[in-house]
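Please build the complete structure, drawing on both the sequences and the hints.
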Amino acid sequence: MATDRKSIEVTEQEPPGSSAEQPAAARISRRSFLSHLGAAGIAATASPVLAAAAVPAAPPVEEAPEAAALPGAIPVTLKVNGKSQVLQLDPRTTLLDCLRENLNLPGTKKGCDHGQCGACTVHVNGQRVNSCLSFAAMHSADEITTIEGIGQPDHLHPMQAAFIEHDGYQCGYCTSGQIMSAVAVCKEPVGPSDEDVKQAMYGNICRCGAYPNIIAAVQAGRRFA
Amino acid sequence: MQPFQYSRPSTVDQAVVAGSRSKTAQQYADVRFIAGGTTLVDLMKLDVEHPDQVVDINALPLGQIQPAPGGGLVIGALARNSTVAHHATVQRDYPVLSQALLSGASPQLRNMATTAGNLLQRTRCVYFRDTAHACNKRQPGTGCSAIGGHNRMLAILGTSRDCIASNPSDQNVALTALEATIQVQGANGTRTIPIHEFYLQPGSTPNRENVLEPGDLVVSVTLPAPLAGSQSHYLKLRDRAAYEFALASAAIVVKLNGSRIEYARVALGGVGTIPWRSREAEHVLQGHVANAATFHRAAEAALKDARPASENGFKVELAKRCIVRALTTTTQAA
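Top to bottom, those sequences are chains A and B. Numbering of the first sequence is given in the working numbering, commencing with residue 1 and proceeding in unit increments. Numbering of the second sequence is given in the working numbering, commencing with residue 1 and proceeding in unit increments.
Derived from the structure by calculation, the hints contain no laboratory data. Any given hint could be a false lead.
Said to hold, decoys possible - Derived pair list, reagent style EDC-like, types lysine to aspartate or glutamate, alpha-carbon separation capped at 20 Å:
#1 B:Lys255 to B:Glu179
#2 A:Lys79 to B:Asp56
#3 A:Lys198 to B:Asp239
#4 B:Lys45 to B:Asp30
#5 B:Lys45 to A:Asp113
#6 A:Lys79 to A:Glu143
#7 A:Lys187 to A:Asp142
#8 A:Lys198 to A:Asp167
#9 A:Lys198 to B:Glu244
#10 A:Lys79 to A:Asp142
#11 B:Lys304 to B:Glu280
#12 B:Lys255 to B:Asp93
Unchecked claim - Okay, the calculated bits of chain B under chain A, using three or more residues with CB under 8 Å as the criterion:
#13 53–64
#14 105–119
This structure is a prediction, so every number in the text was calculated from the model and none was measured. Glycine included, each C-beta is placed from N, C-alpha and C at the ideal position.
Below you can see the structure in the form of structure tokens.
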């Protein structure tokens, strides 16, 4: 006997403000919802560092975020993806946390926070580094490139396209770090074989085990570098 | 992480003045230099180090690699590990150093880490890195949790009743075999320290790891002129093929005269509380025929005084085989 659909009403809870008719950009994502909620709620319970990090919620990258009245904050000028911005930062802010929390560039991920996984890989002056082990304040004279800066959905970097083409990811959490490493590999003295690619990429680990496809993606992407 | 004041001097003198205010240059220094940050930021996140002042030395003009007057190579303190590893002169004249650097860490870490920072890297002992556990290196007199605890990765040479923490570096083992010297600028001027005098074994003061005093800033590391006709090689043995510290490693510099060993330098990693120069092995090798029997005798001599802990006895045999294999490889290339 078939289920009587008319008698069962399933009400799906949608995030506030979302609607099938609204364009995607106007729908509130979980991230921005929590950010707007969080400045008061999180600040009430968190340590001073966390509170300070949570205060600049989700401003567009072009505007300087509101300078929080933060004791001990120092001015830091960062040039990220070609744009310079002046920030007031707790000196303890790592480059990783600054990118994610202060500059609303969450494409770079926090995996281990101790330089052991590579998920936080970004480019500083064209060199790949682990952004979790550097203080943002140290980078005033540097050019920083993140995953957001190497391509756009409608204009992908060849390496991003290669990762899609070769299914070089599963959960996607290590992927931006993998891609940033792979892009850097194109400019390093790395041999042509898969073994050479493995040696060059071992600083980026993948819990899902997507390695064979990652290697295939890097080999494909580096032909277009 | 505890709060700190950040500064970025533009001259070495300014940096030395800032560092001189520290009560110590050793564990728990209240003023610390930061270069690559790959050790310091890691330890600050763990609250193993909590300086009140962090002095960023990245603006100092210490990144050059250039020939030493009279032969040899001067490597600036801020030269990144990746730059040194890929430098043509290093690869040609001191391949053991390039191999050692490339065997360590990851490409990202090598792009950040500096020559001098690598000299000063800290032990990976899990108890040192976890402030919930007693550790004589952090606080002398509180006890060593590793003795009788998890000590598989720790030292069998140079240990004491108070500390068995191993020195995890690859670079420094190569530098030891190369007999590098370390140039330091401090409150009282500049001096040069041979690397075999730089490190301190734990004894009863495991919190003191080297001879640096407050204000001391390493400005360069100098390699002597390469010995004509010599070969060098680095062999690193570890649980994984990459991205892992050494269980045992060996840096060899050797020169043959016919089939005899005219010159040999042997240094060990992964097994010592400091980068371990093995004069015992060198004494056996010097003047003898380069064959398996000689190499085995050298390995026995190198590990004669090894004192394994409860979980790392395997390192004694592993280190011997590492020495034999490294000597075989190096002399076959001659």
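Ascending list of hint numbers which this structure does not respect: none
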